[in-house]
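Residues per chain, in single letters:
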Amino acid sequence: MNTATQTPALAVSDLHAWYGESHVLQGVDFQVRTGEVVTLLGRNGAGRTTTLRALLGLTGRRSGSIRLFGQEATGLSTHRIARLGIGYCPEERGIFASLSCQENLLLPPLFKGTEAGLSLDEIYRLFPNLKERKHSPGTALSGGEQQMLALARILRTGARLLLLDEISEGLAPVIVDTLGQAIHELRKRGYTILLVEQNFRFSAALSDRLLFMESGRIIDTLTPDQLDDNADKVARMLSV
Amino acid sequence: MDIFGVPVQALMAQLMIGLVNGCFYAVLSLGLAVIFGMLHVINFTHGAMFMLGALLSWAGLYYFELNYWVMLFLAPLVVGIFGIMLERLFLKRIYKLDYLYGLLLTLGLTLIIEGAVRSAYGVSGKPYGPAPISGVTDLGFLMIPNYRLWVIVASLLVCAATWYTIERTRLGAYLRAATENPKLVEAFGINVPVLVSLTFGFGVALAAFAGVLAAPIMQVSALTGQTMIVIVFAVVVIGGMGSIAGTVVTGIGLGLVEALTKVYYPEASSMVMFLVMVLVLLVRPNGLFGGVE
Amino acid sequence: MTSVRFNTVRLLCYGALLAALVVAPWVGLYPVLGTKILCYALFACAFHLLLGYTGLASLGHAAFLGVGGYVAGYGIKAWSLSPELALLAGLSVGALMGLVMGYVSIRRSGIYFTMITLALAQLVYFLCVQIPQTGGEDGLQGIDRGMLFGVINLHNDRIMYYTTLTIGVAAFLFIARVVRSPFGQALTAIKDNEPRAVSLGYHPDRYKLLVFTLSAALTGLAGALKAIGLGFVTLSDVHWMTSGHALLMTLVGGLGTLSGPVVGAVVLVTLENKIGELGALLAGVTGIGWFATLGESVMMIMGIVFVICVLAFRRGIMGEFDALRHRIHIHTPAPETQS
Numbered sequence: 656m657n658t659a660t661q662t663p664a665l666a667v668s669d670l671h672a673w674y675g676e677s678h679v680l681q682g683v684d685f686q687v688r689t690g691e692v693v694t695l696l697g698r699n700g701a702g703r704t705t706t707l708r709a710l711l712g713l714t715g716r717r718s719g720s721i722r723l724f725g726q727e728a729t730g731l732s733t734h735r736i737a738r739l740g741i742g743y744c745p746e747e748r749g750i751f752a753s754l755s756c757q758e759n760l761l762l763p764p765l766f767k768g769t770e771a772g773l774s775l776d777e778i779y780r781l782f783p784n785l786k787e788r789k790h791s792p793g794t795a796l797s798g799g800e801q802q803m804l805a806l807a808r809i810l811r812t813g814a815r816l817l818l819l820d821e822i823s824e825g826l827a828p829v830i831v832d833t834l835g836q837a838i839h840e841l842r843k844r845g846y847t848i849l850l851v852e853q854n855f856r857f858s859a860a861l862s863d864r865l866l867f868m869e870s871g872r873i874i875d876t877l878t879p880d881q882l883d884d885n886a887d888k889v890a891r892m893l894s895v
Numbered sequence: 101m102d103i104f105g106v107p108v109q110a111l112m113a114q115l116m117i118g119l120v121n122g123c124f125y126a127v128l129s130l131g132l133a134v135i136f137g138m139l140h141v142i143n144f145t146h147g148a149m150f151m152l153g154a155l156l157s158w159a160g161l162y163y164f165e166l167n168y169w170v171m172l173f174l175a176p177l178v179v180g181i182f183g184i185m186l187e188r189l190f191l192k193r194i195y196k197l198d199y200l201y202g203l204l205l206t207l208g209l210t211l212i213i214e215g216a217v218r219s220a221y222g223v224s225g226k227p228y229g230p231a232p233i234s235g236v237t238d239l240g241f242l243m244i245p246n247y248r249l250w251v252i253v254a255s256l257l258v259c260a261a262t263w264y265t266i267e268r269t270r271l272g273a274y275l276r277a278a279t280e281n282p283k284l285v286e287a288f289g290i291n292v293p294v295l296v297s298l299t300f301g302f303g304v305a306l307a308a309f310a311g312v313l314a315a316p317i318m319q320v321s322a323l324t325g326q327t328m329i330v331i332v333f334a335v336v337v338i339g340g341m342g343s344i345a346g347t348v349v350t351g352i353g354l355g356l357v358e359a360l361t362k363v364y365y366p367e368a369s370s371m372v373m374f375l376v377m378v379l380v381l382l383v384r385p386n387g388l389f390g391g392v393e
Numbered sequence: 291m292t293s294v295r296f297n298t299v300r301l302l303c304y305g306a307l308l309a310a311l312v313v314a315p316w317v318g319l320y321p322v323l324g325t326k327i328l329c330y331a332l333f334a335c336a337f338h339l340l341l342g343y344t345g346l347a348s349l350g351h352a353a354f355l356g357v358g359g360y361v362a363g364y365g366i367k368a369w370s371l372s373p374e375l376a377l378l379a380g381l382s383v384g385a386l387m388g389l390v391m392g393y394v395s396i397r398r399s400g401i402y403f404t405m406i407t408l409a410l411a412q413l414v415y416f417l418c419v420q421i422p423q424t425g426g427e428d429g430l431q432g433i434d435r436g437m438l439f440g441v442i443n444l445h446n447d448r449i450m451y452y453t454t455l456t457i458g459v460a461a462f463l464f465i466a467r468v469v470r471s472p473f474g475q476a477l478t479a480i481k482d483n484e485p486r487a488v489s490l491g492y493h494p495d496r497y498k499l500l501v502f503t504l505s506a507a508l509t510g511l512a513g514a515l516k517a518i519g520l521g522f523v524t525l526s527d528v529h530w531m532t533s534g535h536a537l538l539m540t541l542v543g544g545l546g547t548l549s550g551p552v553v554g555a556v557v558l559v560t561l562e563n564k565i566g567e568l569g570a571l572l573a574g575v576t577g578i579g580w581f582a583t584l585g586e587s588v589m590m591i592m593g594i595v596f597v598i599c600v601l602a603f604r605r606g607i608m609g610e611f612d613a614l615r616h617r618i619h620i621h622t623p624a625p626e627t628q629s
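Residue numbers (the numbering used here), protein chains in the order written: chain A, 656 to 895; chain B, 101 to 393; chain C, 291 to 629.
Rather than coming from a laboratory, the hints here were simulated on the basis of the structure. A quick note: this is a predicted structure, and the numbers were derived from the prediction, not measured. Fair warning: there could be bad hints in the mix.
[As the list claims (entries may be wrong)] In silico SDA-like pairs for lysine to any residue, Cα to Cα no more than 20 angstroms straight-line:
hint, chain 1, residue 1, chain 2, residue 2
1, C, K481, B, G353
2, B, K283, A, I830
3, B, K283, A, Y674
4, B, K283, A, N784
5, B, K283, A, T729
6, A, K767, B, R270
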């Protein structure tokens with residue numbers, strides 16, 4: 656499955672990105688193989704969220720190369736990039752207030768020509784709360800439920816590369832566990848996942864690799880089993 | 101029987117006219133609200149689009165012998181396409197700017213459209229000819245011309261259909277979501293720019309539809325749009341743009357208020373709408389059905 | 291702190307503009323047309339005081355212009371008011387109306403504000419149609435210019451022009467003073483970041499209302515001047531399209547610049563007056579007959595100018611001029627004023 660010759664799900668090369676005049680990403684290079692789970696770690700302002708947004712074309716000017724499933728994406732508009740098979744869970748969760756929970760869940764359109772995503776039943780099995788709150792307005796849900804909804808809705812579409820931004824932020828440990836189990840389940844099914852996280856323990860348990868960012872660049876890569884030997888370095892890179 | 105000195109028959113007749121006018125106000129302000137929700141631009145051309153709908157239905161009849169029923173479908177379609185062209189060519193460029201430029205641009209476009217029509221056809225209205233539905237229905241307390249009954253029914257149907265589409269269908273869900281967070285909706289793979297263009301086209305098509313309905317009973321001229329747009333603005337300020345039902349109710353309500361004023365205090369009838377607006381602003385600044393800003 | 295050189299250039303430009311206006315009647319400008327231009331320039335400046343410094347676009351200002359004119363005209367015709375009293379009346383009525391209309395409109399901001407001012411102007415329009423004192427569809431005609439302060443004979447077109455110029459310059463200086471004062475700076479702070487201004491203790495609505503009233507007062511004055519200078523007031527003066535004219539003048543002249551409205555007024559009034567001749571000229575040169583009808587299509591042309599300005603010429607004439615000056619200023623090494 657994970658042969659060296661297989662096209663990576665995501666290949667980023669010398670990516671620069673700007674918000675207006677602000678040069679936020681200053682040459683980001685990394686790859687994510689199909690089926691891998693990779694986490695971007697770093698201090699606030701390092702450029703982790705911006706990296707995810709840049710992949711989708713949601714920042715200002717960009718330069719460099721982004722290849723999604725082998726296809727060059729830097730010239731494409733956002734909705735075309737998404738249709739390459741990307742599922743995006745933004746930091747703010749982005750639950751629509753004028754839609755019910757079910758409408759939020761069913762909103763993202765199914766991608767044609769890919770393997771079908773999770774069925775509605777499978778999703779409700781993973782996240783039973785969402786079934787109970789089907790008809791509530793999206794923003795009437797609790798923070799944890801909204802996060803589950805944000806994740807659930809992109810699982811239905813057939814997206815194979817998931818971009819998840821701070822999904823554990825501000826949530827109770829019980830809910831974080833549920834999310835962790837869901838990610839674990841997705842990983843078993845062969846999803847490729849790129850996480851942005853603050854919760855070190857959460858990401859270490861789930862990821863194949865951990866990429867450390869600083870000042871708009873990736874400065875180090877570690878696997879989970881290398882963490883203990885490099886505890887000092889890690890502490891420095893993540894210190895507030 | 102007299103109500104405050106006015107015979108019931110006369111009062112009912114005037115109220116019926118008020119209801120018909122109210123239906124026009126409702127359809128127009130609905131289109132305006134839908135456009136504003138998605139584009140965050142106040143479409144000054146809305147009155148001109150109404151005028152174009154009426155003009156096209158006259159032109160269809162006069163030049164091509166296309167009857168009313170064909171034009172009822174064709175005129176909104178043509179105006180809708182025209183609207184989409186305007187959106188792609190002009191409006192798209194000002195979304196990132198201050199709201200003022202959207203106002204200025206649509207005001208400029210209005211002047212061009214109305215000026216062109218005025219150059220071509222002068223300032224007086226074009227008489228459409230006899231209404232396509234003749235006869236009267238006797239409701240007991242009122243004799244209502246069948247055409248006006250049709251106008252009321254058609255307007256309410258269109259408003260209901262719009263409400264249903266926006267609140268109960270998938271497309272409507274896309275629209276509501278894109279109004280809230282267009283970038284995220286795009287990140288789900290939905291072509292939001294196309295959705296925006298279509299919304300604008302739909303909004304102005306609604307205005308044109310009202311125009312076709314109005315043609316047989318209103319002397320629509322190049323400048324009718326100017327008078328209409330100010331009224332529609334007042335309706336939208338009074339009602340707030342928080343809900344479709346609210347906008348429709350406000351439009352119809354104001355048509356009725358206008359009619360009542362015409363019966364009991366005719367000198368004030370053209371002004372009463374704006375006086376109501378002042379009152380509402382002093383008491384409920386966000387409008388009667390206004391959502392949170 | 292701009293360099294001394296920058297300010298000198300600006301002063302020279304104003305001086306040149308003023309000199310041109312003073313000399314104009316002697317080099318071919320019809321004084322009455324000149325008076326008309328000046329009145330609209332004052333109108334545009336008053337309008338811009340509101341738009342440029344609070345960001346509030348009022349489509350209701352025609353109400354102040356027209357009613358200011360009606361009050362002045364009626365005062366002269368029915369009560370034999372002397373011109374200075376008529377002007378004062380126009381200014382005061384403008385201020386009063388501004389206070390009332392402003393109070394209602396400022397409750398909302400942005401686009402709602404504009405819609406409300408439009409509707410209120412329509413209200414005033416309908417009132418003016420009905421009230422007999424305005425002369426209805428015919429308007430007020432034959433307004434006598436009278437003797438200013440009992441000694442200056444305004445019947446002479448040139449004297450009327452220079453009187454208008456004096457009043458206009460005085461008003462312009464007043465506006466400049468207001469803009470540069472602490473009050474003006476507070477306005478800029480409110481416009482740039484209202485929540486922050488509130489947290490600093492400002493009451494934005496009071497400031498906005500005051501500016502609105504000032505703007506309305508000066509517009510009333512412009513209307514009164516126009517009534518006296520041109521001798522008539524009609525319903526089109528209170529129609530909201532006239533507010534649109536002022537908006538276009540400020541846009542063409544340059545939003546946010548002090549002299550922009552004046553330049554815009556000069557350009558647009560001249561254009562409107564000469565459009566017929568321009569059309570004939572273009573028809574002659576290109577051989578396209580349609581150009582000859584340009585005179586009838588003022589509305590369409592205004593619309594085209596609007597669209598072009600919004601899409602391609604947003605800074606307006608003085609805005610582009612300032613940008614150009616700024617570029618030159620940056621590229622020329624400044625003398626040793628950098629301390």
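Taking 20 angstroms as the top limit, are the C-alpha atoms of B/K283 and A/Y674 close enough?
The given pair, whose Cα atoms are some 15 angstroms apart, holds under the 20 angstroms limit.
Please verify whether B/K283 and A/N784 have alpha carbons no more than 20 angstroms apart.
Violated: B/K283 and A/N784 sit about 27 angstroms apart, past 20 angstroms.
Between B/K283 and A/T729, does the CA-CA distance stay at or below 20 angstroms?
holds, 17 angstroms
Just to be careful, I want the Cα atoms of C/K481 and B/G353 compared with a cutoff of 20 angstroms; is the pair within it?
Violated, at about 37 angstroms.
Straight-line Cα separation of B/K283 and A/I830 no greater than 20 angstroms?
Roughly 28 angstroms between the alpha carbons, so the hint for B/K283 and A/I830 is violated.
Tell me if the straight-line CA distance from A/K767 to B/R270 falls inside 20 angstroms.
holds, 18 angstroms
Hints 1, 2, 4 from the earlier list are contradicted by this structure; the remaining hints agree with it.
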